[in-house]
Amino acid sequence: MTTTDQLNGAQKASVPAPTYLPLTGSLLLTFRELWAMKITQGIVLVSTLAWILLSFAMNLDVVEGSLAAVRIFGFDAGADELVKDPQTGEFVRQAISVDKFIVGISSFVFGAAYFLGTLLGLFATMPLIGGFLEQGRIDLLLSKPLSRNRLLSGHLLGVLLTVLALSTYLILGVWMALSIKTGIWIPKMLTSIPLIVVMFAVMYSVIFTLSILTRSTGLALIIAYGLIFISAILAAHEQLTPVLSPSAAFVYNSFYHLLPNFIEVVAIQAKLVTGEAVTSWYPFFSSVAFGSVVYGLGYFWFNRKDF
Amino acid sequence: MESAVSTHGLAKTYSSTFGKTKIEALKGVDIEVQRGEIVGILGPNGAGKTTLLKILLGVVSPTAGHASIFGKPIGDANARQRLGYLPENHRFPPYLTARQTLDVYGRLSNLDDAYRKEHIPRLVEEAGLADWMDTRVGKFSKGMMQRLGLAQATLNDPDILVLDEPTDGVDPVGRREIRDRLHVLKSKGKTILINSHLLTEIELICDRVAILNKGLIVRTGSISEIVSEGTGWRIQCRNMPLEFDVKRFGAHIESGNVEQTIVMDGGVTETLNQLIDALRSSDTSILSIEKHRKSLEAGFLDIIDEQGAKK
Numbered sequence: 013m014t015t016t017d018q019l020n021g022a023q024k025a026s027v028p029a030p031t032y033l034p035l036t037g038s039l040l041l042t043f044r045e046l047w048a049m050k051i052t053q054g055i056v057l058v059s060t061l062a063w064i065l066l067s068f069a070m071n072l073d074v075v076e077g078s079l080a081a082v083r084i085f086g087f088d089a090g091a092d093e094l095v096k097d098p099q100t101g102e103f104v105r106q107a108i109s110v111d112k113f114i115v116g117i118s119s120f121v122f123g124a125a126y127f128l129g130t131l132l133g134l135f136a137t138m139p140l141i142g143g144f145l146e147q148g149r150i151d152l153l154l155s156k157p158l159s160r161n162r163l164l165s166g167h168l169l170g171v172l173l174t175v176l177a178l179s180t181y182l183i184l185g186v187w188m189a190l191s192i193k194t195g196i197w198i199p200k201m202l203t204s205i206p207l208i209v210v211m212f213a214v215m216y217s218v219i220f221t222l223s224i225l226t227r228s229t230g231l232a233l234i235i236a237y238g239l240i241f242i243s244a245i246l247a248a249h250e251q252l253t254p255v256l257s258p259s260a261a262f263v264y265n266s267f268y269h270l271l272p273n274f275i276e277v278v279a280i281q282a283k284l285v286t287g288e289a290v291t292s293w294y295p296f297f298s299s300v301a302f303g304s305v306v307y308g309l310g311y312f313w314f315n316r317k318d319f
Numbered sequence: 002m003e004s005a006v007s008t009h010g011l012a013k014t015y016s017s018t019f020g021k022t023k024i025e026a027l028k029g030v031d032i033e034v035q036r037g038e039i040v041g042i043l044g045p046n047g048a049g050k051t052t053l054l055k056i057l058l059g060v061v062s063p064t065a066g067h068a069s070i071f072g073k074p075i076g077d078a079n080a081r082q083r084l085g086y087l088p089e090n091h092r093f094p095p096y097l098t099a100r101q102t103l104d105v106y107g108r109l110s111n112l113d114d115a116y117r118k119e120h121i122p123r124l125v126e127e128a129g130l131a132d133w134m135d136t137r138v139g140k141f142s143k144g145m146m147q148r149l150g151l152a153q154a155t156l157n158d159p160d161i162l163v164l165d166e167p168t169d170g171v172d173p174v175g176r177r178e179i180r181d182r183l184h185v186l187k188s189k190g191k192t193i194l195i196n197s198h199l200l201t202e203i204e205l206i207c208d209r210v211a212i213l214n215k216g217l218i219v220r221t222g223s224i225s226e227i228v229s230e231g232t233g234w235r236i237q238c239r240n241m242p243l244e245f246d247v248k249r250f251g252a253h254i255e256s257g258n259v260e261q262t263i264v265m266d267g268g269v270t271e272t273l274n275q276l277i278d279a280l281r282s283s284d285t286s287i288l289s290i291e292k293h294r295k296s297l298e299a300g301f302l303d304i305i306d307e308q309g310a311k312k
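Top to bottom, those sequences are chains Y and U. The letter at position 85 of the first sequence is residue 97 when you use this note's numbering, and the numbering goes up by one with no holes. The letter at position 297 of the second sequence is residue 298 when you use this note's numbering, and the numbering goes up by one with no holes.
No lab work stands behind these hints: they were computed from the structure. Possibly wrong hints are sitting among the right ones.
To be verified - Here's a subset of chain U near chain Y, in silico, CB distances under 8 angstroms, partners left out:
no. : residue
1   : K55
2   : V61
3   : T64
4   : R81
5   : Q82
6   : L84
7   : H91
8   : R92
9   : Y96
10  : V105
11  : R108
12  : L109
13  : G251
Yeah, the Cβ is synthetic: ideal placement off N, Cα and C, and Gly gets one too.
Chain Y with its partners taken away, still in its complex shape:
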């Protein structure tokens, strides 16, 4: 532990200065900046509305494990579905099971959280890294007695903890509202939270590193969104690879293994929500590997760069 007494001479009062403090300063700066953004406040508002709607505005009538009626704000929202009768081959109306209802609602909310949360999250955090790297701000931060790695980690940790808090607020809130209402608790659904945070972190690595390298946050965002779009094409690798020429297939597969598989991970998330077994975690782990390498490059450049 250092003291300002040691650092500044004997004439000063001895003030214990724990070494974690600079990191908390960097974290606090990121939290406050994110909270000051209207988009963050908007996400909190929408999340609050989602679980308030599920908690208070929706009434479920459950009869023998099936939904007899669903009412939203007192209006009948329909509690049945069209199902093909295996004997007659005709479509008949049948009450939805409560489990299926929960899974359906959760899939919708958590899927929206995954897609919209990531897209909005990247959009919201783009100006944050831009502000962090701005002249007049970064030079002051770098003059402080903490290493560049710790300064950058404070920023990154602040962003990821905020995304964790926002996704937990939405998903835990929706999950609890549904579980309390129906009496059916499916804890597996909560695995969506770490999945969203990790995949956000993977995509944020692109904005993070490209912003450090080019100082153009707009370009970094476009490339991050571009990679999400490309991941939709890469998700069809099982169908596309057989019809491609060997050289084209090689290039295509290289991209599949090197780039993040954002869209394929949504299928993993859906399986986690519905309780199905996940057959392959490869898209998730290859995405994490991509993010790790890109973050490594970001830290490397940040340490070498003159500001």
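The hints should help you fit chain U onto chain Y, whose structure is shown.
Frame of chain Y; chain U shown alone:
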């Protein structure tokens, strides 16, 4: 005595992304700053002043040479603990209040809760911002931001203060307050490095200046040394005959029809006396004689021009 700041052969070359363009910002700078000195770093735009300061702060890495703060290499976190910095055009997050700004930067400077709680209100008050303590800095004027910036730079009670354009955008009253604050800090034994374009400010604040031009230190010296070069006399007089030749005394007439001002640059007292005798014998009324001292700005420009002529 240990120097507060010491650099030897400090050089910096900026390269473009693919290394096609190279700019030599510093070409081997040697400078020693003693503890308790206020030193002004002067130079035209692009001379390398900000690069020099940023290298000392660890924001920019030198290409060659080395620098130390109280004998510790500049990359050392303990060395940076003893520094306070006010960057040019600093940008505090606009959503933070004055108190929150100092709290966050205090944390980043490794200052604990008790220290921050005790010193932040005092510094805000000294900066004349007590009534604005809990106002978002986004609403602050440029002058208020500069004063808050100075409070931030002195929050950790640094031994060395590095100020890049500290009076930029500040009104005359605010500038005087900043000057007074710097004199107080000097009296406490602080070492201060100032980069400013306002040479009148530098003249009023600094003990010594280092003039940088094209990446090299071209002159260092006390303010009196710089401004004494070219010292002369100013003689104000009336009714001087038109045919009176001042040039033979190494002087020139600066202005006036009825009342004239004769300027003698670098003249010796003997020549002055000869000029006075000649004026008196031509029935010229001498109104005043004063020692003519060159301003720092004139001294600075002469040195830069001299460097340009040498090329």
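The hints, checked one at a time:
1. K55: holds, 6 angstroms
2. V61: holds, 4 angstroms
3. T64: Violated, about 10 angstroms.
4. R81: Hint on U/R81: holds, closest Cβ of chain Y at ~4 angstroms, below 8 angstroms.
5. Q82: Holds, because the Cβ-Cβ distance from U/Q82 to chain Y comes to roughly 4 angstroms (cut-off 8 angstroms).
6. L84: holds, 6 angstroms
7. H91: With Cβ-Cβ at 5 angstroms, under 8 angstroms, it holds.
8. R92: holds, 4 angstroms
9. Y96: Holds - the Cβ of U/Y96 comes within 8 angstroms of chain Y, reaching about 4 angstroms at its closest.
10. V105: holds, 5 angstroms
11. R108: holds, 3 angstroms
12. L109: U/L109 check passes; min Cβ-Cβ to chain Y is 4 angstroms, inside 8 angstroms.
13. G251: violated, 49 angstroms
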